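A.B. asks: One letter stands for each residue in the lines below.
Number of protein chains: 2
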Amino acid sequence: MGLWFTEEQTKDLNISCRVKETLHVEKSEYQDIALLETNEFGRMLVLDGAIQTTIKDEFVYHEMISHIPLFTHPNPKRVAVIGGGDGGTIREILKHKSVEKATLVDIDKRVVEVAKQYLPEISVALNDSRAEVRIEDGIEFVKSHRDEFDVIMVDSTDPVGPAVGLFVKEFYQSIYDALKEDGIFVAQTESPFYNGKFIASVYRDVRTVFPIAKVFLCNVPTYPGGLWCFTLGSKKYDPEKAQGIDTKGFDCKYYSEKVHKAAFALPPFAKKYLE
Amino acid sequence: MGLWFTEEQTKDLNISCRVKETLHVEKSEYQDIALLETNEFGRMLVLDGAIQTTIKDEFVYHEMISHIPLFTHPNPKRVAVIGGGDGGTIREILKHKSVEKATLVDIDKRVVEVAKQYLPEISVALNDSRAEVRIEDGIEFVKSHRDEFDVIMVDSTDPVGPAVGLFVKEFYQSIYDALKEDGIFVAQTESPFYNGKFIASVYRDVRTVFPIAKVFLCNVPTYPGGLWCFTLGSKKYDPEKAQGIDTKGFDCKYYSEKVHKAAFALPPFAKKYLE
Chain A
1 MGLWFTEEQT KDLNISCRVK ETLHVEKSEY QDIALLETNE FGRMLVLDGA IQTTIKDEFV
61 YHEMISHIPL FTHPNPKRVA VIGGGDGGTI REILKHKSVE KATLVDIDKR VVEVAKQYLP
121 EISVALNDSR AEVRIEDGIE FVKSHRDEFD VIMVDSTDPV GPAVGLFVKE FYQSIYDALK
181 EDGIFVAQTE SPFYNGKFIA SVYRDVRTVF PIAKVFLCNV PTYPGGLWCF TLGSKKYDPE
241 KAQGIDTKGF DCKYYSEKVH KAAFALPPFA KKYLE
Chain B
276 MGLWFTEEQT KDLNISCRVK ETLHVEKSEY QDIALLETNE FGRMLVLDGA IQTTIKDEFV
336 YHEMISHIPL FTHPNPKRVA VIGGGDGGTI REILKHKSVE KATLVDIDKR VVEVAKQYLP
396 EISVALNDSR AEVRIEDGIE FVKSHRDEFD VIMVDSTDPV GPAVGLFVKE FYQSIYDALK
456 EDGIFVAQTE SPFYNGKFIA SVYRDVRTVF PIAKVFLCNV PTYPGGLWCF TLGSKKYDPE
516 KAQGIDTKGF DCKYYSEKVH KAAFALPPFA KKYLE
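Chains A and B, in that order, give the protein sequences. Just so you know, the first sequence maps onto residues 1 to 275 in our numbering. Just so you know, the second sequence maps onto residues 276 to 550 in our numbering.
Simulated from the structure, these hints should not be mistaken for laboratory data. Since we're looking at a predicted model, the values are computed, not measured. The beta carbon of each residue, even a glycine, is placed where N, CA and C say it ideally should be. Not one of these hints is a red herring.
So the derived list for chain A, only partly shown, Cβ under 8 Å to chain B, looks like this:
id: 1; residue: 193
id: 2; residue: 221
id: 3; residue: 227
id: 4; residue: 256
id: 5; residue: 258
Within a straight-line C-alpha distance of at most 20 Å, the following computed EDC-like cross-link-like pairs (lysine to aspartate or glutamate) qualify:
id: 6; chain 1: A; residue 1: 253; chain 2: B; residue 2: 550
id: 7; chain 1: A; residue 1: 11; chain 2: B; residue 2: 312
id: 8; chain 1: A; residue 1: 272; chain 2: B; residue 2: 521
id: 9; chain 1: A; residue 1: 56; chain 2: B; residue 2: 287
id: 10; chain 1: A; residue 1: 271; chain 2: B; residue 2: 526
Some chain A residues well away from chain B (every beta-carbon gap over 12 Å; in silico):
id: 11; residue: 25
id: 12; residue: 28
id: 13; residue: 30
id: 14; residue: 75
id: 15; residue: 109
id: 16; residue: 113
id: 17; residue: 129
id: 18; residue: 131
id: 19; residue: 143
id: 20; residue: 161
id: 21; residue: 180
All chains should be modelled from the sequences, with the hints used to inform the complete structure.
C.D. replies: Encoded structure:
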C-alpha cells in the first residue's frame with residue numbers, strides 16, 4: 001500500500017515520508033498525537049502534523065540541546081526540561097554524572113505515555129532514579145521556582161498552539177529567576193532559513209534578560225531545511241569558551257568538543273538576524 | 276492551480292515545492308532539464324528530477340565549493356570547474372582578484388544556455404573576460420592538461436547518469452596530474468545522512484591520491500536532509516590552517532572565516548565514514 005505522511009513545512013513546501021504502519025493516532029487534551037513507523041526514519045512522533053523526533057535522527061537535537069549548556073556549566077546538578085515529553089533530552093542530561101536530578105515538565109501526559117510505549121530508545125531514562133516527570137504547565141512550574149536550577153532547557157514544539165507562551169520575554173525573565181546565579185537557559189528556536197524574524201525577536205528578548213546570549217546551530221534532517229538553531233542565555237559562562245569537554249562514555253553521534261565550538265559559527269545570513 | 280514539483284530524495288522520502296510556473300522543460304542530449312518558478316525558492320533548476328540550485332539558497336553551495344579551496348590556496352590564478360553549468364561557482368571564483376582565468380567545462384551546453392536565459396543572478400559571470408566556457412567532456416578535459424591549475428572544482432550532479440565517471444579514482448588521479456605542485460581539488464560529495472558509504476568510498480580514493488584529504492560540511496535546504504558535504508584533496512595546503520581570509524567586498528551570505536574553520540568539524544556519525 002502506498003501510504004505517505006506529508007508535513008506542510010511551509011505553505012509552499014512539503015516533506016513526505018513513506019509509512020509502513022500507523023501505530024497510534026489520538027487527539028489529546030492539547031494536540032494531535034501520531035506515532036508512525038516510517039521506512040526512512042523508523043518510528044516517528046508527530047504532534048499537530050509536525051515531525052518532532054524520529055529514531056534515525058533524534059540524536060542530533062537531543063545531544064545538542066543538552067550537551068552544549070551542560071558542558072558550558074562547570075558543575076550542573078539541577079536541570080529542568082520544559083516540554084520534551086519524549087524523554088530524549090532527559091536521556092542525554094543523565095549522561096552527565098554531576099547531575100543529581102533532572103525534572104521533565106510536560107503539559108501533555110499523553111506525549112510521555114506514547115513515548116514510553118512506542119519510543120523506548122528515546123524515553124529510556126524517564127524511569128531513572130535521577131529523573132522526575134511532572135505533568136503540568138511549564139510556565140507555572142518555572143514561575144514557582146527561584147534560584148534553584150543550574151540549567152533550564154525549553155524543548156518545545158513550534159511557537160504555535162500549546163507552546164506559544166514559551167517564546168515571550170516574561171517567560172525568559174521567569175527562567176532567569178528560576179536559575180541559580182550562574183545558571184544557563186537554552187531553547188529550540190526554529191530554522192534560520194525559514195524563521196529569521198522569529199529568531200531575531202527571541203534573541204533580542206533573551207539578550208535583554210541575560211548578560212550572555214548566543215545562537216547555535218545543528219542539522220536535523222527531518223526539520224524544514226535541515227538547519228536548526230537554539231538560543232542560549234547565560235548568567236556567567238560563555239558557551240564558546242567551554243573547557244574540559246570530555247564525552248568519553250557518552251556515545252555521542254553528533255556532539256563533540258569540535259562540534260560544540262563550530263556550532264556557534266553562524267553564516268552571515270543568519271548572523272544578521274542577531275544585529 | 277495546485278501545481279507541485281516533487282523530488283524523490285530517497286525512495287521513501289519526497290520533497291514537494293509549490294510551482295507558480297513551468298518556465299522550461301526539455302530533454303537534452305544528456306539529461307532532462309526543467310526550469311521552474313517556485314513559490315518558496317524562486318526559480319529552480321532541476322536536472323533528471325533532482326533540484327540543482329534555486330535563487331533562494333544557491334549562495335550556500337556556490338560560496339562553499341569556491342571559497343574554501345580558494346582561501347586555502349595563497350595565490351590561485353588558474354581555476355577549472357567541471358560541471359557547474361549554471362555558472363554560480365564561476366561567479367564566486369571571480370570574486371578572487373588573484374584569479375586570472377576560470378574555465379567552466381560542462382558536457383551539456385543546454386544547461387549553460389538555460390541558466391543564461393533564466394538564472395541571470397547565477398550565470399552572471401559567464402560572460403566575464405576572465406571566464407572561459409567549454410562544452411566538452413570534463414574527464415577528457417582534465418586528462419589533456421598537466422601541471423596547469425591551482426584549483427579544480429567538480430561541481431557535478433549526483434553520482435548517477437552523466438556524472439558517474441567523475442567519482443572514480445582514475446579521475447582523481449587525472450585531476451592530481453592536471454594540478455600544479457601545490458594544487459587543490461574539491462568535489463561535491465552528497466549527504467552524510469543518506470550517502471555515508473559513498474562518502475567513505477570517495478574519501479578513501481581521494482586520500483590515496485592526495486597527501487591531504489578532508490571533508491567539509493554546509494547546509495543546503497533544498498538538498499536531502501539539508502546537510503551536504505564536499506571532499507577536498509590538496510597537494511600542499513591544509514584547508515583547516517588557511518590564513519589571511521578576507522571576504523571584504525565578497526558579499527558572502529554563508530561563507531566567513533569562522534564558517535570556513537567550523538565546516539571541518541564533522542559530527543562523530545559522519546567522521547566514522549572517514550575511518
